[in-house]
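**Student:** Following the hints, position chain B against chain A.
Protein chains: 2
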Amino acid sequence: MAQKPSIPKGTRDFNALEVAKRSYIMNIIKEQFELYGFQPIETPSFENSDTLMGKYGDEGDRLIFKILNSGDYLKKIKDEFSTFVKTSVDGDLDKLTYDINSITKQISEKALRYDLTVPFARYVVQHQNEIEFPFKRYQIQPVWRADRPQKGRFREFYQCDADVVGSTSLFQEVEFVQLYDAVFTALDLKGVTIKINNRKILSGIAEVIGAQDKLIDFTVALDKLDKIGEEKVKAEMRSKGISEEGISKLQPLFSLEGEFGTQVKSLKSILNTSKIGLNGIEELEFIDASISKLGLKTAKLQLDVTLARGLNYYTGAIFEVAAPVGVKMGSIGGGGRYDDLTSIFGKPDTSGVGISFGLDRIYLVLEELNLFPKTITDATKVLFINFGYKEAMTCLQAVTKLRQQGVKAELYPDCAKMKKQMTHANRRNIPYVVLVGEKELNSGTYTLKNMQTGEQQQLKFEDLLAVLK
Amino acid sequence: MAQKPSIPKGTRDFNALEVAKRSYIMNIIKEQFELYGFQPIETPSFENSDTLMGKYGDEGDRLIFKILNSGDYLKKIKDEFSTFVKTSVDGDLDKLTYDINSITKQISEKALRYDLTVPFARYVVQHQNEIEFPFKRYQIQPVWRADRPQKGRFREFYQCDADVVGSTSLFQEVEFVQLYDAVFTALDLKGVTIKINNRKILSGIAEVIGAQDKLIDFTVALDKLDKIGEEKVKAEMRSKGISEEGISKLQPLFSLEGEFGTQVKSLKSILNTSKIGLNGIEELEFIDASISKLGLKTAKLQLDVTLARGLNYYTGAIFEVAAPVGVKMGSIGGGGRYDDLTSIFGKPDTSGVGISFGLDRIYLVLEELNLFPKTITDATKVLFINFGYKEAMTCLQAVTKLRQQGVKAELYPDCAKMKKQMTHANRRNIPYVVLVGEKELNSGTYTLKNMQTGEQQQLKFEDLLAVLK
Chain A
38 MAQKPSIPKG TRDFNALEVA KRSYIMNIIK EQFELYGFQP IETPSFENSD
88 TLMGKYGDEG DRLIFKILNS GDYLKKIKDE FSTFVKTSVD GDLDKLTYDI
138 NSITKQISEK ALRYDLTVPF ARYVVQHQNE IEFPFKRYQI QPVWRADRPQ
188 KGRFREFYQC DADVVGSTSL FQEVEFVQLY DAVFTALDLK GVTIKINNRK
238 ILSGIAEVIG AQDKLIDFTV ALDKLDKIGE EKVKAEMRSK GISEEGISKL
288 QPLFSLEGEF GTQVKSLKSI LNTSKIGLNG IEELEFIDAS ISKLGLKTAK
338 LQLDVTLARG LNYYTGAIFE VAAPVGVKMG SIGGGGRYDD LTSIFGKPDT
388 SGVGISFGLD RIYLVLEELN LFPKTITDAT KVLFINFGYK EAMTCLQAVT
438 KLRQQGVKAE LYPDCAKMKK QMTHANRRNI PYVVLVGEKE LNSGTYTLKN
488 MQTGEQQQLK FEDLLAVLK
Chain B
38 MAQKPSIPKG TRDFNALEVA KRSYIMNIIK EQFELYGFQP IETPSFENSD
88 TLMGKYGDEG DRLIFKILNS GDYLKKIKDE FSTFVKTSVD GDLDKLTYDI
138 NSITKQISEK ALRYDLTVPF ARYVVQHQNE IEFPFKRYQI QPVWRADRPQ
188 KGRFREFYQC DADVVGSTSL FQEVEFVQLY DAVFTALDLK GVTIKINNRK
238 ILSGIAEVIG AQDKLIDFTV ALDKLDKIGE EKVKAEMRSK GISEEGISKL
288 QPLFSLEGEF GTQVKSLKSI LNTSKIGLNG IEELEFIDAS ISKLGLKTAK
338 LQLDVTLARG LNYYTGAIFE VAAPVGVKMG SIGGGGRYDD LTSIFGKPDT
388 SGVGISFGLD RIYLVLEELN LFPKTITDAT KVLFINFGYK EAMTCLQAVT
438 KLRQQGVKAE LYPDCAKMKK QMTHANRRNI PYVVLVGEKE LNSGTYTLKN
488 MQTGEQQQLK FEDLLAVLK
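Heads up: the sequence lines are chains A and B, in that order.
Count along the first sequence starting at 1, add 37, and that's the number in this note's numbering.
Count along the second sequence starting at 1, add 37, and that's the number in this note's numbering.
Next up, chain A with everything else stripped away, as it sits in the complex (with noise of 0.2 angstroms):
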């Protein structure tokens, strides 16, 4: 029986239309990648266990892909049947108990990338004695996991980053805020906002009120506030313990508003005893006064003190990015400075700092406000009719010339009825249809036919080629 075909949950098939749109975000991502002096590496699909294990938390190691080790993979845990077997030996198998992650980790060494920052610094530390520092590399690739999948959720999905490793010079935050702007405004997308914050502020924030050891649910608290409000987000503060002194302290943060200076301004009377608090103040401002001297052509730059993404390894700018106001979307880019992630590979003191961009949902936003080109849907612009192999046969020629001229030309294949032809040309979009008879034939001409108005021209190769170039 034939089976009936699909693919898993969570991924995608992409039409040639759809490869094109993605193709020309990803080649407006990487031109300004590589105008900023990022250069591409890649990395393998899967890599060992230990490497990705333990590195994106609990929830994290769940949604990792892991790889069956070939061959007779049940071979090597023996050790783990005979528990099975003691705790099942009165037959009662729902009482069988046994540590799932203790034998994934026997029957499988491999998982798929999670994503390309744990794989980054992996191959930094790696390659450190081939890499001539501050290394800035990007790195466009797909990564999984099995989360559940939801409308704009994939198990496979593409990430977009550049990053720079090894100089804690906060130039670099200015940079990344220029980039953001230059590949959104090379993709049209105007009106995005580049939302910032500093991880040193939140730990300022928390110093002050008291909540050190809170920070997390502190940081999780404030982040809902465009959602949920102010009284809400005081409510769970509460009822996470930290104390109401400490959240009349935040007053002022609830009423943060207007341009950079005048929240610095607040942010400032609030974190006036915290020195981590203020250092965090000042790389804002060092960030916000370059920019302003060097100008953003499309974007806006804006502090946002509930910004808390990733807080698990950022430890300075905090970045992310928002579409133009007026469409719903979640964030469509996102990055920070973390200080040291290849730590865990054995390489300490690395500062990084880095972004990403949100290729699906630059997708749906370009779709949304219709800011495609309308030439990326360029393919093949004319199709030889198929009268019979002696015709056909000089058409090849004229396709194979034309082709080493750069147009895009094809034969149809059969000799089939001219209709059927015809209809294959409209439903493909071919802009031409070139036609070649005895007439033709006789006379070295053919007859080029311009589908959208139905004009026929007979014509030499020469204004042929002219005409299609």
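A portion of the hints provided could be inaccurate.
[Claimed, not checked] Derived coverage of chain B by chain A (criterion: at least 3 residues anywhere in the stretch with Cβ under 8 angstroms from a Cβ of chain A; other residues may be distant):
1) 102-113
2) 191-204
3) 335-344
These are calculated hints, taken from the structure and not from any lab test.
For glycine and all other residues, C-beta sits at the position ideal for the given N, C-alpha and C.
**Tutor:** Leaving out everything else, chain B in the frame of chain A:
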């Protein structure tokens, strides 16, 4: 303890230069594919196991990378456990028996793509109502095989495939020969040999020598002619039970030489009683005659009756491309016609034909013959030296303007010692540096240093741009 980082055997990291060289090859292949009217598609990295298993023979099944189900994947197979338990009640685990394939089926439902052909067949059937036939698609994506890694054989590698389905026209085969010629010409790899054979000829020969049931044994032996010589091939055929009489009929095969026409003549004499064999010859003659008329740029078309690759599914033409004489390398491309690939997924009677390019081997050949263009490494053109905040900001303004004009420019992020910064430029092969100090700040100029000649010029921005653009 920090882990010592490594990657799984058979996989590779690619640095910037390697990515650039690989992209160079892939872009040329892509460009020619599109000139020939092929459209890109992409399929997911993993497919349902059902889609892949059983399509590549037992050996193939073994080499497919399987992905472990998420969550408690053992829960489902308690019954299998019960077999373990029963088998090992005496505690002698060495006697434990189990069916590893049946267990794998239950703990793994997805597998990494093994090639691009089966996913393509699945795609065609699944999307048949949206596809306009004949359908010309190309696909350039990685595949994974749990093969024993060795020189030039990896566990993750790219395939570059172009296929047409939905037409039996031999013009497709003709165009594929042209396409091979076009790609290798564009890569400046002159003198490749496009070997061609036809499955029908092999069937015909087997028929004539009375060994239809031994077609595989017969072709496997014949395929070794180049390597082990006539006598050993005959010995192998004998050992497989092919009769002396049959082998003697093959005699003309062992001395097939010379032009296409001469070889075809000998073949006809062997195959004069086989309808299918003569049909195979006709097909070859059509292709050869057409190519003779159309001409090839740099490649050579050659009949090779010993060619039998992919016998399992090829039904007509068989292609293989050999590197230019003098380069020791296996085939750098291959393909053929398959009459019924999509029937496994429920769509019979859909003839297809396709070819593939071996990216890794082509890379090695271009490397050996020194054929990668020098400009492939063109990365950052100019590095601005950092003498402190004020100077750096002026530099960053210039860098920003240069990038907007398409010049790859960078600012060294830290105000490090000048020597260190110059060394950085040298190590990265950046051809120019710009120095902006007090003098330049005051005069609004930039000192441009050519890193190769050492020559220095003090320039206004417009002149700087002119030099660098």
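**Student:** All hints, please: hold or fail.
**Tutor:** Results of checking the hints against the structure:
1. Three residues within the 8 angstroms Cβ limit are the bar, and the stretch 102-113 of chain B against chain A gives 9, so the coverage statement holds.
2. Here the stretch 191-204 of chain B counts 3 residues with a CB under 8 angstroms from a CB of chain A, which clears the bar of 3, and the coverage holds.
3. Counting residues of the stretch 335-344 of chain B whose C-beta lies closer than 8 angstroms to any C-beta of chain A gives 0; at least three are required, and the coverage claim is violated.
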